[in-house]
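S.K.: What follows is each chain in one-letter form.
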Amino acid sequence: MAAGILGGFPARAAGPVVGAFAALGLHSTFYARVLLHVPTALRRYWRHVIRHVGEISFGSASLLAGGGTIGVVFAMSAVASTQIGLEGYRGLDLIGLSPMTGLMSALINTREIAPVVASIALAAKVGTGFTAQLGAMRISDEIDALETMAVPSLPFLVSTRMAAAFLSVIPLYLVGLFASYAATNLAVVNVKGQSSGTYDYYFHLVLTPTDVLYSLLKAVIFAMIITLVHCGYGYYAGGGPEGVGKAAGRALRTSIVAVTVLDVVLTLAFWGPRPTLPGLGT
Amino acid sequence: MSFEAPPSRTALGDAFTQAGMLLNFSVRTFSTLGTVLARRRLAWREVLEQAWFLASVTTVPSLLVTIPLGVVVALNVGSMAGQLGAEGYGGAVVAFVIVAQASPLICALMISGVGGSAMCADLGARKIREEVDAMEVMGIPAVERFVVPRVLAAILVTALLACLVMAVGITASFAFQVTVLGDSPGSFLASLTQFSRLEDFVVAELKAVSFGIVAALVACFKGLTAKGGPSGVGDAVNEAVVLAFILVFVANTVLTELYSAIVPARGAY
Chain R
1 MAAGILGGFP ARAAGPVVGA FAALGLHSTF YARVLLHVPT ALRRYWRHVI
51 RHVGEISFGS ASLLAGGGTI GVVFAMSAVA STQIGLEGYR GLDLIGLSPM
101 TGLMSALINT REIAPVVASI ALAAKVGTGF TAQLGAMRIS DEIDALETMA
151 VPSLPFLVST RMAAAFLSVI PLYLVGLFAS YAATNLAVVN VKGQSSGTYD
201 YYFHLVLTPT DVLYSLLKAV IFAMIITLVH CGYGYYAGGG PEGVGKAAGR
251 ALRTSIVAVT VLDVVLTLAF WGPRPTLPGL GT
Chain P
1 MSFEAPPSRT ALGDAFTQAG MLLNFSVRTF STLGTVLARR RLAWREVLEQ
51 AWFLASVTTV PSLLVTIPLG VVVALNVGSM AGQLGAEGYG GAVVAFVIVA
101 QASPLICALM ISGVGGSAMC ADLGARKIRE EVDAMEVMGI PAVERFVVPR
151 VLAAILVTAL LACLVMAVGI TASFAFQVTV LGDSPGSFLA SLTQFSRLED
201 FVVAELKAVS FGIVAALVAC FKGLTAKGGP SGVGDAVNEA VVLAFILVFV
251 ANTVLTELYS AIVPARGAY
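So the sequences go chain by chain: R and P. 1 is the number of the first residue of the first sequence in full-length UniProt numbering; add one for each residue after it. 1 is the number of the first residue of the second sequence in full-length UniProt numbering; add one for each residue after it.
Note that these hints are calculated values from the structure, not bench results. C-beta atoms are modelled at their ideal positions from N, C-alpha and C, and glycine is treated no differently. Wrong hints could be hidden among the right ones.
Stated by the list, open to error - Just so you have them, the derived chain R footprint on chain P, three or more residues with Cβ under 8 Å:
id : region
1  : 53-66
2  : 99-110
3  : 116-125
4  : 199-210
5  : 242-254
Here chain R stands alone, though its shape is the one from the complex:
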């Protein structure tokens, strides 16, 4: 284990294909070990878990970086869903169905937009933050120092963050979902001037508790993947200050691709290849 950690990626010199497989294996075993150590982290380092929850939710960086993750998730969800309201109204208006925009809000926001946009916001704010922190620790040899002091670095640094992300994502996501609904409502009722009764009728007709639960499940799964990927790239960062930044970019790329691919898989798993709208008959 120590040999792999010491030199960053162990098989970088062994050609691109072998190197890719080695990196895949390195990261997969990393994910498994992180998940395995979560109970230990909760038992031994629960104070750090609580500290990370605070950092993830409200952030310690400047206001311009978003005023904490709540601000970023809220802002991005609200803007994306305003767009859903305006464009959905325009699209449905073409076929004379603009009264049904409320249905779009309940359906598209819940099932696709809110989980994906909140995950992208989480990846940008929390994920790259993790990569930057862990990467900076790695290249200034702080992780090795922890190991030397007999503190197991992986449970202490990564599993605590994982547990904290799991605890924070549920309220964060609900804030994002609320922002989505409110923004679409605002766009359709106040900007496009639809009657709020019509909007609410179709909105409540289609919105079911099951959908909201599945949507939350999606968001939690995405958040887990994002935390693992970003921590992995940070934990194995190398190549000086520039390497840390590049690792953040690579982690973001991997997590965005993983989120969109998983989104399709989960949509198919939850709602089937021919999803039906509740409350409208067939």
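Fit chain P to the known structure of chain R by using the hints.
M.R.: Showing chain P alone in chain R's frame:
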């Protein structure tokens, strides 16, 4: 010509300072771009190198994001249109969603997330090693040498990438609707060609280009104002990504609404 942030006492003051500095930085970049083009001093090699780098890191991830997205659009549209009795409407929605919305946004996410973070890390590392200051001392302005080529490269790459994303996204959506959901290919293509317009494509390209500019400017700004050693570079990248994502989402809504206010939607079903 350095970009040192004055110390600020409150978080709100810091936000306004940064916003003003970013605006100042953008104006300076565009005036330098004008001067450079007028005096024919553009660093072509740097533009090409940066464009090649951006294209090589963003193309494959963009396509990997686009294909699932096309499937998701097809899935949701298929269900909704089918139950409302408008099965053939799928092509029109694809024209709306993928061409006008998804392709510029995917390009923006990739350029600012993948390309921008690398740019920011590169410039931030040079800044904290004081290479940028050394170049300024030698009379090579950082904006002219670093920022202008990166902005031009981002424009070039986003414009091309957006076309690729559109083509792949429409193909993925079409293939999924026809092969998996068993819809009629003819009605898909008919409504696609009926509802899509050249203006939509041009506006999508304009949007992609402006997102590319935003992403490159934010990444270069955050990189050139990085401070505080290796962790400072990491923080700069983090802030650059968050800021670029938020700005791009806001710009998307503003540009879309401007466009639909100027050019009303056309087509009848």
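S.K.: Does each hint hold? Answer for all of them.
M.R.: Against the structure, the hints come out as follows:
1. 53-66: Held - the region 53-66 of chain P has 4 residues with a Cβ nearer than 8 Å to chain R, which meets the minimum of three.
2. 99-110: holds (count 4)
3. 116-125: holds (count 8)
4. 199-210: violated (count 0)
5. 242-254: holds (count 8)
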